[in-house]
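One line per chain: the protein sequences are Y and L, in this order. All residue numbers for the first sequence refer to my numbering, where the first residue is 1 and numbers rise by one. All residue numbers for the second sequence refer to my numbering, where the first residue is 1001 and numbers rise by one.
Keep in mind that the hints were calculated from the coordinates and are not lab data. Any given hint might turn out to be false.
Pulled from the structure, derived: some chain L residues nowhere near chain Y, Cβ distances all over 10 angstroms [to be verified]:
{"hint": "1", "residue": "G1033"}
{"hint": "2", "residue": "D1059"}
{"hint": "3", "residue": "A1083"}
{"hint": "4", "residue": "K1145"}
{"hint": "5", "residue": "E1150"}
{"hint": "6", "residue": "K1164"}
{"hint": "7", "residue": "E1198"}
{"hint": "8", "residue": "E1227"}
{"hint": "9", "residue": "Q1266"}
{"hint": "10", "residue": "P1356"}
{"hint": "11", "residue": "P1357"}
{"hint": "12", "residue": "N1362"}
Between beta-carbon pairs, the in silico distance windows are [said to hold, decoys possible]:
{"hint": "13", "chain 1": "L", "residue 1": "K1201", "chain 2": "Y", "residue 2": "L40", "range": "28 to 34 angstroms"}
{"hint": "14", "chain 1": "L", "residue 1": "G1074", "chain 2": "Y", "residue 2": "F53", "range": "56 to 62 angstroms"}
{"hint": "15", "chain 1": "Y", "residue 1": "M1", "chain 2": "L", "residue 2": "A1174", "range": "23 to 29 angstroms"}
{"hint": "16", "chain 1": "L", "residue 1": "P1262", "chain 2": "Y", "residue 2": "L62", "range": "30 to 36 angstroms"}
Residues on chain Y that point at chain L, a partial pick, calculated with CB under 8 angstroms [stated by the list, open to error]:
{"hint": "17", "residue": "S18"}
{"hint": "18", "residue": "E34"}
{"hint": "19", "residue": "V42"}
{"hint": "20", "residue": "M43"}
{"hint": "21", "residue": "V55"}
{"hint": "22", "residue": "A56"}
{"hint": "23", "residue": "P58"}
{"hint": "24", "residue": "I59"}
{"hint": "25", "residue": "G63"}
The beta carbon of each residue, even a glycine, is placed where N, CA and C say it ideally should be.
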Amino acid sequence: MISYDECVSEIQTLLAQSHAGGSIVPPESDLIDELGLASLDVMELIEALEDRFDVAFPINELGDVRTIADLARRIQNLT
Amino acid sequence: MSLLQKLDAARDFQDQLGQLGVNAIGATIDVTGSATEGRIEGKRVILAGTNNYLGLTFDPACIEAAAQAVRTHGTGTTGSRLANGTYAGHAALERELSAFLGTRSAIAFTTGYVANVGAISTLAGPGDVIMLDADSHASIYEGAKLSGAEIYRFRHNDPADLDKRLRRLGDRCARTLVIVESLYSMLGDVAPLDQFCEVVKRHGAFLLLDDAHSFGIMGETGRGLAETLGIEDEIDFVTGTFSKSLGSVGGFFASRKHDVAPLRSQIRAYMFTASSTPSVIASTRAALKRVAQGQALRSQLWKNCERVHEGLTSLGFKLGAAPSPVIASLMDSPEQAAAAWQALLDAGVYVNLVVPPGAPKNLSLLRCSLSAAHTDEQVEQIIEGYAAVAQRLFDQPRAAATAYA
Ligand SMILES: Cc1ncc(COP(=O)(O)O)c(C=O)c1O
């Protein structure tokens, strides 16, 4: 099982490339309201994480994910 | 967000679209007497943004059948299929559809949207898995959500990605419904259906094909992409619509492998909505006959597709896919797409404007769709319209583009 910290850091790295202009944003950042991801962007972020950790993330659970920390906990539970 | 804040947000969204300066979503079209011509804001236009692939909305036999039915059976059934809404015509259409497709049975629905929602939400349930193409139609997403199954997406038209995701599911594959389309309606790209079949079979999952867009226009007898590929027997379930090549409204759910008829008493979207109006059923039956003998219509359609595809390519438009009845030009921004849409309208050609979030991959598109009913002259006028757009939009003439999205 991978650690929560590892998940957070992977998400931060991916977001730094795509949305945060190279900087590392805190785990409490809201993906949509604060970081400005569109729902398609969230899907793409999740696809990248699924491949990185070889897990399957059901999109039914997207509704429960608001922040980087939420997403990291969900991904961690799947591994 | 409160209920009324949602209204505000929706208004903001409409305002944003309005700022593109065009009335693309609200355009009212007057259609009188022709499948390919209409009036928008008083101006005569060629309709090149419909799904009227075979032009059957004005087929004399279809019109006559509908007119007779409305006189004989009235304007509506005022009831659902399970109550008072099954007339002889509804049952006959289902038999004819089933005979045409070679399926064990077929269920007709009031729209294709409802067919997808009903079929998908009933086939799969809590504890099952639905695996859908990322670019799936809204009705597929809705059906999946309503089913209560776990939902996963795979990358659009990517059998290797599906393979990887099914592998992650392990023995849950036996409870997995994979859903793909044939011809995708926005970019006009075609699914690698034979490869999808192979992957699904290897993992022991089930395949549902939404054949809304290739039904009637592909395959020797118009049975769609699966007929072209010779793999109809491999597909577990098919859904489709009467609102494209058949030129009416309605949808269906059928299968060669399994008898779906018993689901009539389970599918709520079938049981609790009014059945199709008799005239709609009558014109659909007439259209189905035309489809079955529609080789000439299909070859005219594909000739038109080749010609427009070639014309737009040499004008320098970047197109979404190889020639098909949907020819999408990829524009650089929503603003550019809107300006091009308006310029085309000014030149007398109506196409569909598609901007985010409506298009896959956040693309901005001009979606041109062709019909067998477009005459050679109209086809040339469509290309001339695009030539006018190219002149207005591109700073310098562009070389013929070849890559697809
Ligand atoms: C792929 C696909 N499935 C289903 C539908 C729904 O069909 P209908 O217009 O009959 O509701 C459409 C068209 O809107 C479609 O493009």
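So, going through the hints one by one against the coordinates:
no. : hint                                : verdict
1   : G1033                               : 41 angstroms, holds
2   : D1059                               : 39 angstroms, holds
3   : A1083                               : 33 angstroms, holds
4   : K1145                               : 7 angstroms, violated
5   : E1150                               : 4 angstroms, violated
6   : K1164                               : 8 angstroms, violated
7   : E1198                               : 21 angstroms, holds
8   : E1227                               : 32 angstroms, holds
9   : Q1266                               : 22 angstroms, holds
10  : P1356                               : 8 angstroms, violated
11  : P1357                               : 7 angstroms, violated
12  : N1362                               : 6 angstroms, violated
13  : L:K1201 - Y:L40: 28 to 34 angstroms : 30 angstroms, holds
14  : L:G1074 - Y:F53: 56 to 62 angstroms : 60 angstroms, holds
15  : Y:M1 - L:A1174: 23 to 29 angstroms  : 26 angstroms, holds
16  : L:P1262 - Y:L62: 30 to 36 angstroms : 34 angstroms, holds
17  : S18                                 : 13 angstroms, violated
18  : E34                                 : 16 angstroms, violated
19  : V42                                 : 12 angstroms, violated
20  : M43                                 : 7 angstroms, holds
21  : V55                                 : 7 angstroms, holds
22  : A56                                 : 4 angstroms, holds
23  : P58                                 : 4 angstroms, holds
24  : I59                                 : 5 angstroms, holds
25  : G63                                 : 10 angstroms, violated
Comparing the model with each numbered hint stated earlier shows that hints 4, 5, 6, 10, 11, 12, 17, 18, 19, 25 do not hold.
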